[in-house]
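Sequences listed follow chains A and B, in order.
This note's numbering applies: residue 8 is where the first sequence begins, and numbers increase by one.
This note's numbering applies: residue 8 is where the second sequence begins, and numbers increase by one.
Honestly, I wouldn't trust all of these hints.
Chain copies aren't distinguished; within one or between two, either way the pair holds.
To be verified - Straight-line Cα separation of at most 30 Å, DSSO-like style, residue types lysine-lysine; simulated pairs:
| # | residue 1 | residue 2 |
| --- | --- | --- |
| 1 | 180 | 79 |
| 2 | 305 | 53 |
| 3 | 31 | 9 |
| 4 | 79 | 9 |
| 5 | 73 | 257 |
| 6 | 254 | 299 |
Bear in mind the hints are in silico, worked out from the structure with no lab data behind them.
2 protein chains.
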Amino acid sequence: MKCQTIKFKKQPKIVGSYSIVGPKEGEGNFKDYFDYIMKNDFFGEKTFEKAERKMVENAIIGAIAKAKLEVKDVNLLVAGDLLNQIISSSYAARAFDFPYLGVYGACSTMAESMAVGAIIVDGGYYDNVVCCTTSHFSTAERQYRFPLEFGNQRPPVSQWTVTGAGACVLSLKGEGPKVTMATFGKVVDWGIVDVNNMGAAMAPSAMETMLAHFENTSTTPDDYDLIVTGDLGKLGSEILIDLMEEKGIKLGLNYGDCGQMYYRRDQKTLCGGSGCGCSATVFNSYIINKLKKGELKKVLFMPTGALLSTTATQQGESVPGVCHAIVIEG
Amino acid sequence: MKCQTIKFKKQPKIVGSYSIVGPKEGEGNFKDYFDYIMKNDFFGEKTFEKAERKMVENAIIGAIAKAKLEVKDVNLLVAGDLLNQIISSSYAARAFDFPYLGVYGACSTMAESMAVGAIIVDGGYYDNVVCCTTSHFSTAERQYRFPLEFGNQRPPVSQWTVTGAGACVLSLKGEGPKVTMATFGKVVDWGIVDVNNMGAAMAPSAMETMLAHFENTSTTPDDYDLIVTGDLGKLGSEILIDLMEEKGIKLGLNYGDCGQMYYRRDQKTLCGGSGCGCSATVFNSYIINKLKKGELKKVLFMPTGALLSTTATQQGESVPGVCHAIVIEG
Numbered sequence: 008m009k010c011q012t013i014k015f016k017k018q019p020k021i022v023g024s025y026s027i028v029g030p031k032e033g034e035g036n037f038k039d040y041f042d043y044i045m046k047n048d049f050f051g052e053k054t055f056e057k058a059e060r061k062m063v064e065n066a067i068i069g070a071i072a073k074a075k076l077e078v079k080d081v082n083l084l085v086a087g088d089l090l091n092q093i094i095s096s097s098y099a100a101r102a103f104d105f106p107y108l109g110v111y112g113a114c115s116t117m118a119e120s121m122a123v124g125a126i127i128v129d130g131g132y133y134d135n136v137v138c139c140t141t142s143h144f145s146t147a148e149r150q151y152r153f154p155l156e157f158g159n160q161r162p163p164v165s166q167w168t169v170t171g172a173g174a175c176v177l178s179l180k181g182e183g184p185k186v187t188m189a190t191f192g193k194v195v196d197w198g199i200v201d202v203n204n205m206g207a208a209m210a211p212s213a214m215e216t217m218l219a220h221f222e223n224t225s226t227t228p229d230d231y232d233l234i235v236t237g238d239l240g241k242l243g244s245e246i247l248i249d250l251m252e253e254k255g256i257k258l259g260l261n262y263g264d265c266g267q268m269y270y271r272r273d274q275k276t277l278c279g280g281s282g283c284g285c286s287a288t289v290f291n292s293y294i295i296n297k298l299k300k301g302e303l304k305k306v307l308f309m310p311t312g313a314l315l316s317t318t319a320t321q322q323g324e325s326v327p328g329v330c331h332a333i334v335i336e337g
Numbered sequence: 008m009k010c011q012t013i014k015f016k017k018q019p020k021i022v023g024s025y026s027i028v029g030p031k032e033g034e035g036n037f038k039d040y041f042d043y044i045m046k047n048d049f050f051g052e053k054t055f056e057k058a059e060r061k062m063v064e065n066a067i068i069g070a071i072a073k074a075k076l077e078v079k080d081v082n083l084l085v086a087g088d089l090l091n092q093i094i095s096s097s098y099a100a101r102a103f104d105f106p107y108l109g110v111y112g113a114c115s116t117m118a119e120s121m122a123v124g125a126i127i128v129d130g131g132y133y134d135n136v137v138c139c140t141t142s143h144f145s146t147a148e149r150q151y152r153f154p155l156e157f158g159n160q161r162p163p164v165s166q167w168t169v170t171g172a173g174a175c176v177l178s179l180k181g182e183g184p185k186v187t188m189a190t191f192g193k194v195v196d197w198g199i200v201d202v203n204n205m206g207a208a209m210a211p212s213a214m215e216t217m218l219a220h221f222e223n224t225s226t227t228p229d230d231y232d233l234i235v236t237g238d239l240g241k242l243g244s245e246i247l248i249d250l251m252e253e254k255g256i257k258l259g260l261n262y263g264d265c266g267q268m269y270y271r272r273d274q275k276t277l278c279g280g281s282g283c284g285c286s287a288t289v290f291n292s293y294i295i296n297k298l299k300k301g302e303l304k305k306v307l308f309m310p311t312g313a314l315l316s317t318t319a320t321q322q323g324e325s326v327p328g329v330c331h332a333i334v335i336e337g
């Protein structure tokens, strides 16, 4: 097997990070860690899509401010999101006087953007790179599923798209947790055709990337304080645990999934949170906080993405998944 | 102004490239340079979207073969396309046993993927990276505009989405033209709201990136054998020439636009070709060919992308553009 894992020599630091979430997310399990909780999902805009764009703008501004940098110090934005043509990211990028590199990895985008950003900073190509992603329940729901007004019943395996944006600044200067490794994942498709069951569709890609990462780096789950997937949810994370056990690797109490942990049980999100914003807001609030405090020392962050589109589904395609992993050390 | 231009120390080489186009494109001005001309737009598949995915697969396989490499030698695919959730690229990636990094820059994607690929190879992070993009007239038309059966009249400023995919392999080993520089562009929006007039919407971003590139590198148009934009088309390239002249820089006979040059006059494409596949297939056939033969020595390749979506347009948004540039030397 070719080595998929990149080890960073200079180890770019996360010098600033910011998370902004909707009101439902602001009542969930990570409520004490977010930088900003919106009062409603419109965020002062006329449409949910414009609100999502504004969330991205604010996350970028927030991360730059927390890095004690100015907009003029930033060399590049690496960002993407779930909306068609990643408009939340692209239209947000319009507001800033720095170049923009659009990426797409569905809900794996936070790790993808950070892996790309870390390569660019580690290699000395640019000094300060902002990495960002977002999702919004109301924009995702009406683009991927049904009109909100339709009020469809949600199947038990479904998840709740997080309304939230997360951003961080990578740099060699300044202080913060270090990005030490990155493992880009392969696209894996085990033939799942139930578009409500994203956890089952994405779990195999998480397994593939995790196996590659452990093999490439000669590590085991015990080498990490926290191994965290993005939005496999309750069912998907159980499937991952099973799949890994079949491969002889036992994921213990140091394994968790952002989606599974995101909401309180009485918030009725069924299998938990999902969307790019799910792992992005947990990473850029709770996880960064714990790394800075020294309560976490080495984290394997590996959000997964379901690479479907409504067109692909309508043409009878199954749902491929991808999982990109990064290692962050305090 | 911060330096936007990256200069590659090791100068990754384009060791293999491949272009595949539809029958209309195969009758255009570059017909003698393409690797494969399809007999029809379905390419043996049941839908245009599946045909587009298959074009990507073939372009990737073709580029790897022409690089005299095997699939097992490839470390990463960097790809994106115009379809929602870049499904042509993601579903094609499913067929290959190497990691996948999805990118989105609309019709600037060939340069974006190559800039990212060149950074990864130049920095020594991976050995062999495939960069790819695609577009298909029939998938783009029905996603962005009208059902094909509707047979709408096309306004004079409109362009014709190229059915074609282009791919290349970047590596430090082997022989081929070198990627020596890359300039990531900013998102520029001058308020164009006519979604048929992509040339006008994208020309300002080409100007911004071109000005940044010339300033960052202390070069002038005379330093390049060929300066080529992606799909500004007849009108957009005229606008770019005007805009540059206003800034005191005269673009001469060494400037051209892939879209403007793509089709014969009697092929009725109005302002010319467009789509990710436009610049991708010209670059990976004609331009690479001329570089290899020594007929071109230094090329500034700068495709532009219009970062709109139908949702953004329906919500009254204007059309932002982005332009990424790379320099290739024979």
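Hint check:
Within a single copy, residue 180 and residue 79 get their C-alpha atoms as close as 16 Å, which meets the 30 Å cut-off; across copies the closest is 37 Å, which misses it. Proximity of residue 305 and residue 53 under a CA criterion of 30 Å is satisfied in neither setting, with 42 Å inside one chain copy and 48 Å between copies. Neither within a single protomer nor between protomers do residue 31 and residue 9 lie at most 30 Å apart by alpha-carbon distance, with minima of 43 Å and 40 Å respectively. When the C-alpha separation of residue 79 and residue 9 is checked against a cutoff of 30 Å, the pair qualifies only between copies, where the shortest distance is 8 Å, while the shortest distance within a copy is 40 Å.
Within a single copy, residue 73 and residue 257 get their C-alpha atoms no closer than 38 Å, and across copies no closer than 43 Å, so neither meets the 30 Å cut-off. For the identical chains of this complex, residue 254 and residue 299 are neighbours neither inside a copy (33 Å) nor across copies (48 Å), given an alpha-carbon limit of 30 Å.
The earlier numbered hints that this structure contradicts are 2, 3, 5, 6.
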